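J.: Going by this note's numbering, 388 is the number at position 29 of the sequence shown; the sequence numbering is gapless.
Calculated directly from the structure, the hints in this document are not laboratory data. This one's a predicted model, so the numbers in the text were calculated from it and none came from an experiment. Some hints could be false.
Across the chosen pairs, the derived CB separations fall in these ranges [as the list claims (entries may be wrong)]:
hint, residue 1, residue 2, range
1, Arg519, His411, 29 to 35 Å
2, Glu484, Pro402, 31 to 37 Å
3, Lys437, Asp409, 23 to 29 Å
4, Ser374, Gly457, 26 to 32 Å
5, Arg453, Trp501, 31 to 37 Å
6, Arg507, Arg535, 29 to 35 Å
7, Glu484, Arg399, 16 to 22 Å
8, Thr413, Asp518, 37 to 43 Å
9, Ala510, Pro455, 19 to 25 Å
10, Val383, Thr515, 34 to 40 Å
C-beta: ideal position from N, C-alpha, C; glycine also.
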Amino acid sequence: MTVGAPGSEVVLETSRLLLRPWRVAEAVVQRELWTERDPRVPPHRRIDADGHPTVAELEEPIRTDTVWSTGLLAVERKASGDVIGYCGLVDGGRGPAGEPELAFELLRRSWRQGYATEASSAVVEWARSSGYERLWATVWDWNTASRRVLAKVGFTETDRKEVDPVRGTTLFTTRRL
């Protein structure tokens, strides 16, 4: 695994994947992720009736927001060079200050191939080497695949839950590093 110094551009490498900052041209991948989201995901995280966000609207944060350069990294398959989603850390998530949240989302065509686990493992190792002591992750109770990924990389469910009668229960998981 290759790691950038904390505070610099982060690039992580595994046997099959390269996790790196997003390129503006890859906003089309982000939009595809938006179109594939489960209907139980809150409306503000899905394409709306007017087609927003557009590719152009998704390009702007890639240009200007550090979350897309140092936090939520593009997951690129090294063999084919295609970007299949994102994985990384989000500061200011739902955990305590100084304890970032692990987040990942991959295109459906890349599911069930171990990529989410591989990418998440790389991010957990980067977090450990950067001095973090604990990570958080939230997951819908109905998202069994993501729950399995989190368990494989060492997260355990806490007693904390947020119940939404329409969308399901958000489970809070944590991992000590």
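J.: Now tell me if each hint is right for this structure.
T.: Status of the hints after comparison with the structure:
1. Arg519 to His411: 29 to 35 Å: About 32 Å separates the Cβ atoms of Arg519 and His411, which means 29 to 35 Å holds.
2. Glu484 to Pro402: 31 to 37 Å: Since the Cβ atoms of Glu484 and Pro402 sit about 35 Å apart, the hinted range of 31 to 37 Å holds.
3. Lys437 to Asp409: 23 to 29 Å: violated, 37 Å
4. Ser374 to Gly457: 26 to 32 Å: This hint holds: roughly 31 Å between Cβ atoms.
5. Arg453 to Trp501: 31 to 37 Å: About 18 Å separates the Cβ atoms of Arg453 and Trp501, which means 31 to 37 Å is violated.
6. Arg507 to Arg535: 29 to 35 Å: violated, 20 Å
7. Glu484 to Arg399: 16 to 22 Å: violated, 31 Å
8. Thr413 to Asp518: 37 to 43 Å: With Cβ atoms ~40 Å apart, the hint holds.
9. Ala510 to Pro455: 19 to 25 Å: Holds: the Cβ-Cβ distance is about 22 Å, inside 19 to 25 Å.
10. Val383 to Thr515: 34 to 40 Å: Holds: the Cβ-Cβ distance is about 38 Å, inside 34 to 40 Å.
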